[in-house]
Amino acid sequence: MEKYILPDIAGFHKIDVYEAHGGYRALRKALGMKPEEITDEVKKSGLRGRGGACFPTGLKWTFMPKQTAKPKYLCVNGDESEPGTFKDRQIFEFNPHLLIEGTLIAAYAMGVQTSYIYIRGEYGKWIKMLEKAIEAAYSNGYIGKDILGSNFATDILVHRGAGAYICGEESSLMNSIEGDRGYPRVKPPFPAQFGLWGCPTTINNVETISNVPLIVNNGWEWYTRIGAPKHPGPILVGVSGHVNKPGVYEMPTGVPLLEIIYKYAGGIPGDKALKAVIPGGSSTMILRGDQLEGVCMDGDSLKAAGSSVGTAGLIVMDEDTDLIKVIARISKFYYHESCGQCTPCREGTGWLWKILKRFEHGEGRKQDIDLLMDIANNIEGNTICALGDAAAWPVQSMIRKFRDEFEKRVKVQAPSQEVLA
Amino acid sequence: MLSEKNLAKIEQLKKYYPTTQALVLPVLWMVQEEHHYISEEAMKYVGELLQVPYAHVLGVVTFYTMFHTKPLGKHHVEVCTNVSCMLRGSAKIVEQLENRLGLKMGETSKDKKWTLSECECMGSCGTAPMLAVGDEYSENLTPEKLDKIISDLEHR
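These protein sequence lines map, in sequence, to chains S and D.
Numbering that gives the first Met the number 0 numbers the first residue of the first sequence as 0 and each following residue consecutively.
Numbering that gives the first Met the number 0 numbers the first residue of the second sequence as 0 and each following residue consecutively.
Any given hint could turn out to be false.
Said to hold, decoys possible - In silico negatives: residues of chain D with every beta carbon more than 10 angstroms from chain S:
| id | residue |
| --- | --- |
| 1 | L6 |
| 2 | I9 |
| 3 | E33 |
| 4 | Y36 |
| 5 | S38 |
| 6 | K73 |
| 7 | Q95 |
| 8 | L100 |
| 9 | M104 |
| 10 | D110 |
| 11 | L145 |
| 12 | D146 |
| 13 | D151 |
As the list claims (entries may be wrong) - What follows is a set of in silico ranges between Cβ atoms, one per label pair, in the way DEER data are often shown:
| id | chain 1 | residue 1 | chain 2 | residue 2 | range |
| --- | --- | --- | --- | --- | --- |
| 14 | D | K147 | S | E406 | 39 to 47 angstroms |
| 15 | S | D145 | D | P70 | 43 to 51 angstroms |
| 16 | S | P187 | D | E94 | 47 to 55 angstroms |
| 17 | S | E220 | D | K13 | 44 to 52 angstroms |
| 18 | D | K147 | S | G265 | 26 to 34 angstroms |
| 19 | D | E10 | S | Q66 | 29 to 37 angstroms |
| 20 | S | K244 | D | E143 | 18 to 26 angstroms |
| 21 | S | K244 | D | H154 | 33 to 41 angstroms |
| 22 | D | E143 | S | T61 | 51 to 59 angstroms |
| 23 | S | D145 | D | R99 | 53 to 61 angstroms |
Unchecked claim - Cut-off 25 angstroms, straight-line C-alpha distance, at most; resulting in silico cross-link-like pairs (DSS-like, lysine-lysine):
| id | chain 1 | residue 1 | chain 2 | residue 2 |
| --- | --- | --- | --- | --- |
| 24 | D | K4 | S | K124 |
| 25 | D | K91 | S | K353 |
| 26 | S | K144 | D | K8 |
| 27 | S | K124 | D | K73 |
| 28 | S | K124 | D | K8 |
| 29 | S | K124 | D | K112 |
| 30 | D | K103 | S | K324 |
| 31 | D | K8 | S | K131 |
| 32 | S | K2 | S | K131 |
| 33 | S | K127 | D | K73 |
| 34 | D | K4 | S | K127 |
| 35 | S | K127 | D | K8 |
| 36 | S | K365 | S | K400 |
| 37 | D | K13 | S | K124 |
| 38 | S | K144 | D | K13 |
| 39 | S | K124 | D | K144 |
| 40 | S | K244 | D | K144 |
These are calculated hints, taken from the structure and not from any lab test.
For each residue, glycine too, the CB sits at the ideal point set by N, CA and C.
Kindly generate the complete structure, drawing on both the sequences and the hints.
Put into structure tokens, the structure is as follows:
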């Protein structure tokens, strides 16, 4: 397939190279359209969010009020902190102008005055790259006042995070931009009604926004023909773990996971057997390697298989992987990243980790397996944001799919004195 | 507390945010870049500069992992030990670093030259294992590569 998000063109991050290959043509075209026509185009394209929730992007845009006295905002989510996810980083580095162009089109479609691109603090190097690209786009008249003589004015700013996974959650991200702790907000009200500083706000992922210029340039019908019909478009799949060629691969949605592992990523080192995969970042449910036949990288296929597409960060584990160690490490992560607002998550994530550490050291008790399940079930759905679910799902799925691994790590109790007597 | 250049940048940034509180994170980054950590005095300064209570600034600083309230070693070496790095041998990287520097994860050397930390996923899963020294990532680590990185840093 031709690559649209990460094309193989040298120096594509430079504005003159980008322009020479048709860059900012979509913006020009968009500025000649009515804003609602653009939203309609995105809606019909079937583009679904690439940040994890797969929400239809065009539909999200329609939630923004048309008539309002308040300023409107767009947040582009580049917090990218889900373990196993490293795709947005490629866009900042290799195609920043596609992201900028998409942001501008989205801003025009929704009547946004200011867009904030929120990037995780650890990406200092990539923040500088994007800032340089934004500066070039200002100089060439694509951002700022009277863009390309259209009377449309909008600004784009990069806002640096400071090391908090939770800030990838949209309401937490807004609190962070407002200069506060990254605590998620109770919804409703939803961001389109009451977002940044109480004003209408839309939050879209970096990769999602980068798909917008493609749709405007080629039309929604073209877009719907790429990949899985109900979840179309190109998708950046990050493959990590036990593969010969880890990395980010652009492909149409709907490619079988086995093809991604064995063709794109060159198979498993030493030709070892495939034990398990986490398909879309650490919060998505784990799948058994022997149950992957026919499972594809798109929302519906992965849902039917009992997981989700998440951020398309595929973590591959070979036959020698200690899955108890894996799940203990994942649980430690969620314990560290819980913001502490909701009791089930704040306390529960710590309990999960502590119990899993017992298993890791072969000290698990028989009743601990059910206890883990009970804690996870009591976190899931009982918190303000989805971090609670994200902490619960890996544990639940690991027990469901690999209960025997837990049973093997239960400490064999010495017979009591009574039995011996 | 802050350079003229940064003070001018703050004035510039104010145009793009409707409240001064929104500048808390950007200004804390400036403080940390200039002073390498954020002292109590610095937090009070930021509060006064942006007209937000000191308690608010303290709350923000202590919420975010990347803001440091104590000085770290000259070279802050962070090793990712999350799943993707773990699967590709981050434990060996941790061991090698601890042995070479004579420090445990989370410690700062007496001469204040080194701080070692274990960190969460840095978005280098496809180039694991990795470490970061400040903003600089070193990826696809091998024992030889790691040795060279430390030797280079020793002379800086």
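Hint check, failures only
When the structure is compared with the hints, none of them turns out to be violated.
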